[in-house]
Structure formats: structure tokens, C-alpha cells
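Keeping the supplied structure of chain L fixed, place chain G upon it in accordance with the hints.
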Amino acid sequence: MKSILIIDDHPLFREGLKAIIGRSNKFEVTGEAGNAHQGLRMAKKYKPDLVVVDISLPDTNGIQLTREIRDLLPETRIIIVSMHSKVDYIVEAFQAGATGYVVKESASEKLLKGLESVAKGEYFLDSAVSHQVVKALMKFPGKEAKITDADYGSLTPREQEIMRLLAEGLSAKEIAEKLFISPKTVENHRANIMNKLGLHSTMELVRYAAKLGLIDVDLWKE
Amino acid sequence: MRNIKLPTNKDKNSTDRKQVEEALQKRTFELDERIKELNCLYGMSRLIEKPNISLEKILQGIVDLIPPAWRYPEITCARITLENQEFRNKNFRESIWKQTSNIIVHGKLVGTLEVYYKEERPSIDEGPFLKEERRLIIAIAERLGRIVERWQYEEHIHYLSQEQIKIQESERHRIARDLHDNVAQDISTSKILTETLLDNQPNVPNEIRQKVLEMSILLQKSIKSVRDLAYDLRPSGLDQLGLVQTVYQYCEDFSEQNDANVDFFSAGMDKIQLHFDTEINLFRLIQEGLNNIKKHADADQITIRLVASSPNIILRIEDNGKGFDVEGSLIKALNEKRMGLKSMEERVSLLKGNIKIQSRLMKGTKIFIEVPYKNRKKGSNEKHIDH
Chain L
1 MKSILIIDDH
11 PLFREGLKAI
21 IGRSNKFEVT
31 GEAGNAHQGL
41 RMAKKYKPDL
51 VVVDISLPDT
61 NGIQLTREIR
71 DLLPETRIII
81 VSMHSKVDYI
91 VEAFQAGATG
101 YVVKESASEK
111 LLKGLESVAK
121 GEYFLDSAVS
131 HQVVKALMKF
141 PGKEAKITDA
151 DYGSLTPREQ
161 EIMRLLAEGL
171 SAKEIAEKLF
181 ISPKTVENHR
191 ANIMNKLGLH
201 STMELVRYAA
211 KLGLIDVDLW
221 KE
Chain G
1 MRNIKLPTNK
11 DKNSTDRKQV
21 EEALQKRTFE
31 LDERIKELNC
41 LYGMSRLIEK
51 PNISLEKILQ
61 GIVDLIPPAW
71 RYPEITCARI
81 TLENQEFRNK
91 NFRESIWKQT
101 SNIIVHGKLV
111 GTLEVYYKEE
121 RPSIDEGPFL
131 KEERRLIIAI
141 AERLGRIVER
151 WQYEEHIHYL
161 SQEQIKIQES
171 ERHRIARDLH
181 DNVAQDISTS
191 KILTETLLDN
201 QPNVPNEIRQ
211 KVLEMSILLQ
221 KSIKSVRDLA
231 YDLRPSGLDQ
241 LGLVQTVYQY
251 CEDFSEQNDA
261 NVDFFSAGMD
271 KIQLHFDTEI
281 NLFRLIQEGL
291 NNIKKHADAD
301 QITIRLVASS
311 PNIILRIEDN
321 GKGFDVEGSL
331 IKALNEKRMG
341 LKSMEERVSL
351 LKGNIKIQSR
361 LMKGTKIFIE
371 VPYKNRKKGS
381 NEKHIDH
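Going down the list, the protein sequences come from chains L and G.
In case it helps, our numbering puts the first sequence at residues 1 to 222.
In case it helps, our numbering puts the second sequence at residues 1 to 387.
It should be emphasised that the hints constitute simulated quantities derived from the structure, not laboratory data.
One should not assume that every hint holds.
To be verified - Which residues of chain G face chain L? A few of them, derived with a C-beta cut under 8 Å, are:
#1 ASP178
#2 THR189
#3 LYS191
#4 ILE192
#5 GLN220
#6 SER236
#7 GLY237
#8 GLN257
#9 ASN261
#10 PHE264
#11 SER266
#12 ALA267
#13 ILE314
Unchecked claim - Residues of chain G placed beyond 12 Å of chain L at every Cβ, according to the derived structure:
#14 ASN89
#15 HIS106
#16 ARG174
#17 LEU306
What the hints assert, rightly or not - Heads up, simulated BS3-like pairs for lysine-lysine below, C-alpha to C-alpha not over 27 Å straight-line:
#18 LYS211/G to LYS18/L
#19 LYS211/G to LYS113/L
#20 LYS108/G to LYS57/G
#21 LYS36/G to LYS50/G
The beta carbon of each residue, even a glycine, is placed where N, CA and C say it ideally should be.
Isolated chain L (complex conformation) (with noise of 0.2 Å):
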């Protein structure tokens, strides 16, 4: 039999996962807790097998527990049972060391197979999470770079703001005139901003900084 305690803040909700798990003969709940700080006492006194999370808890959140259970009890298994069901808080949650996730309202379903797998040393996903998740890691490697400029990204806010001067047509000496700052300053910024952007011309600048959206050299005419 392995020992589980159970960490979450509504009673009702406690009683419930006790009788589910009361239905497999594999495990037992050993304890309970209504918030972290009791969780992790109670984790440091029983040395559970498992520990059933909830990320909503009065005081830390559970992810934070999570962390500090797996660091003082590296063999302990610990699985989320959340609310959220979003991507975000399921990668945090393994990030901080669980190996499984169910929601909520799916545990009287799911939380046995998951119990069971994360005992095996297993991971496990909630399947009405994991199409999410799925479509999630199909889209990271490229997202990023399809969404946002790294290369823009990298100018400083002086930059920035010379950058969009200059594609507005100003020269150096009006930039200058208009920051309070030397033509020279100007002309090293905005060899650095060519540099950063791989430009080699105004003309391309231009065009790089419509394309970004910073001008609109198409214009309506009012």
C-alpha cells in the first residue's frame, strides 16, 4: 500500500478524492491538510509515497509546494489536482517537479490511473489537458520567431527611439536637435541599430521599420 496525503483547502472536495481513492486497495491516505504550511509539516512528519496538490491553496500557491516538497522529499511522488486547466499552469507545475497533473473535475475518472502511473516513477497528463499541451509544444519552437522581432528586440530604448525617427525621415542633426543629444550620439546609434538589424541602407531602414509597423508609409491621404 502507499501512502498518500492529500493537500487542498476544501473539505468537501477532500472527502471526495478519499473516496475515490478508497475504491483501489493500492493506496491509503496516511493525511490531510487544508493549506501549505500544514502540508508541508505534515509531509516532513509522514514521509508520504505520494502527495495530491492543489494549486489554489490560502497560502502559498501549490506549484511553490511543490518545489519545496520534491526538495526535502526527492523520493516522494507529487501530482497536481487543479482547477486550471491552461497550459501555462500545467508546465509550471512539472517545471517545479511534479510528474502529474489532473483537473479536478475529471479525478474521479482519471486520479487512479494518474496515482498509479506517478508510483511507477511515470509522468501523467490529464487527457482533457493533454490536446492542449500537445498544441502547445507543436507550436513553440517557431512561435516566438514567428510572432516577434529578436533582432528589434535587442535595441535599447534610445535606439528604439532613434530608429523610428529615422524612418520618419528626420536627419541626424534634427534627431539631435530634438533629444538633446549630440549628431555624433546619433550617428553611433544608429550605426549600432544597422548593425543589430543587418541594414546597409536608409532606404532599407525604411522599409524594416514599416514592416514592424512603426511607420506607415502607406498613408491615406487625409
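Chain G only, in chain L's frame:
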């Protein structure tokens, strides 16, 4: 001097002519004075009709319209005193030759309008001033009162709209949180309790097991609806994924649900930690922009650009839809209580930014928004819209 020579018969014709000429001169002078007064009043009208002009600019403008309207512009100067503010001409100087009129706002005396002659001039109706000038100064002071009243009303409406946006946002947040953390939580608990209700009860008739199963399915549906509702009210991703990812996700969902391709691209945003108000309002602007397009534009291509351009953030929302008449549409929107564009304008002004809407019939609409960004302050003084 020849003019006052007594007429002789010989001179009769020329004397008549002189008199006529004099009368004409007098009338011309009077007409010139009236024209100067009218110019001043028309100038005031034009001034207050300028879009987005501040009260300060209006009052300074009015004070500068006054000297040319008086009989001796070169020695005339004026001052408007309103509570603790003062507006005067460049070369203003007090003197003993003055005319004043009270400025009344909402029935209360709030200031004065003074006109001075810096040098002595012959006494006429009211000291050196004409009786027409007395009427003019009263007219100007009265209009000043109405201008200040109108401005105060507008400020108040503006303030109320912004408060409304803030309150709406914090209410949405509260309801979304309650739905997710309490309602969905309780329904989930009910679902689990329902599903374990008949554990270890071998003698329960199948009919009842079937009913309990149906309850569980119904509870599952409720959880999904509550979740969707909470997500609509408040994009939880903002706190977790940040603005760019959340907008991207929203655009993807929008593309999927509507027959329009949303091309979203962002640059330089990951470096800045936006203030929460800026973040949520930028997200709402995109949401409202897309919803307006969906409702009215009939577009199939939408472009959204969100770019940090220190010290501002630029947001462009463009579509290739059927376009509309911007001015007319704003007025119509107000009359029909369709607040799409108006609410976008209020949001932008809440962020102390500016918005430009351009539209061409059958070509589409371009919305350009620029808001200054403040980095999110670390520490306890942060004012969240939702707390």
C-alpha cells in the same frame, strides 16, 4: 480747422458734402469698431470649436483676441483671472484706465475679465471706453462663463467614462475569479461527490445509477460553461503568459472562429514590464478592435502590430473591410449608444495616449494607437486596477 469755418452761400454745396463726409467717416468708424467686436466674438467661436483644445489654450486665445477689438488696440491689454489661474497678454500692465466684468460659472462668481488702457485717452462714455465696449466686455465675460461650464461638464463626462472602464475591469476580474475559484470549484466538488455517492452501495437500482450519471454529465457541462465565461471576462494568460502571447492566442482563436485571417506581429515588447493597467487596456483595445471588425467591417484580412518604440508603445489594427465615415460614425455611435470606437478612445485617453482612426469606403480601416509606457514598479505602492 477749415472744416469748422461757417458756411457761406458760395460754400453751401461743399459744406453739405463735408457734413456728409463727416457723417460717413463717423459711421465708418462705428462700423469698423463693430467689425472689430464681431471679429473678436467670431474668433472666440472658432477657438472653442478646435478639436482637443485645452481650456488653457482657449482662455489664452480669448485674452489675445481682446486688444484688437477695443478702440485703441496698441495700448489695450487684458487679463482673465479664474480662481487661481491667470491669463494675460504678453505686454500686460495694470493702469487706472480699466473696465472689468465678472465671470460667473454655475451661478457663482469665479473670476474677472479686465481690460486696461495703458495710456490716457479722452473721456467718452465710461472713462475712455465706449458704451459698446462695456457691452462687449459683458458679452465676452458671459461667454467665458459658459465655456468654463461646458468644459467642466466635458471633464466630468470624461472622468466618468474612465471610471466606468476601471470599475468594469475590476468587476470583470472579481467575477472571473469568483467563477473560477468558487463556482467552478464547488461544481467540481459536487461532481466528484456525485460520482462517488454510490460507491460501496451494491443494491442501488440501475435507474438511480443512470440518474447520477446524468447529473455528473450535467455538472461537467456547467464547469465548462463557467470556465469559458471566466476566460471571456478575464484573459488569465495575461498574468501567466504576458501580453504578447495572450494577444497571439486571442488572434489565433479569432482567426479560427471567424472567416478572417489575423496577422499579428510584435517587436520589442518582451523587454518591458508593462504596468498592469497598460497591459489589460492594450489587450482590451485589441479585443474591441477585433470585435468592431467582426461586427461591422466584413473584412477577411486583419493586421495587428504591437511594437515598443521607446518611450511609447505603438498598436496598429488594420483591416481590408468595407470602411466607414469616421466622423459620422462617431456621432451615430453616440446616438445609437454603440460605443465601440468611443470606448476605444476613452481607453486610449485613460492611458494618456492618442488614437487616430482612418477609414476608406471599400478599402478598410486603419487604427493607430500610441501610448506611453511606464515600467511596472516593483514594491508596495503599485496601484492595481483590480485591488
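Here is what the structure says about each hint:
1. ASP178: Check failed: Cβ of ASP178/G comes no nearer than 12 Å to chain L, outside 8 Å.
2. THR189: OK, holds: THR189/G within 8 Å of chain L, min 4 Å.
3. LYS191: It holds, given that the least Cβ distance between LYS191/G and chain L is near 5 Å, below 8 Å.
4. ILE192: holds (3 Å)
5. GLN220: At about 6 Å, which falls below the 8 Å cut-off, the nearest Cβ of chain L leaves the hint on GLN220/G intact, so it holds.
6. SER236: With a closest approach of 6 Å, the SER236/G hint holds.
7. GLY237: Since the shortest Cβ distance to chain L is 7 Å, the answer is holds.
8. GLN257: violated (16 Å)
9. ASN261: violated (14 Å)
10. PHE264: Status holds, d = 6 Å.
11. SER266: Interface hint status for SER266/G: holds (5 Å vs cutoff 8 Å).
12. ALA267: Given a least distance of 4 Å, the restraint on ALA267/G holds.
13. ILE314: Holds: closest Cβ of chain L sits about 6 Å from ILE314/G, inside 8 Å.
14. ASN89: holds (30 Å)
15. HIS106: holds (38 Å)
16. ARG174: holds (16 Å)
17. LEU306: violated (8 Å)
18. LYS211/G to LYS18/L: holds (23 Å)
19. LYS211/G to LYS113/L: Holds, because 25 Å separates the two Cα atoms, which is no more than 27 Å.
20. LYS108/G to LYS57/G: holds (23 Å)
21. LYS36/G to LYS50/G: holds (21 Å)
Checked against the numbered hints given earlier, this structure breaks hints 1, 8, 9, 17; the rest are met.
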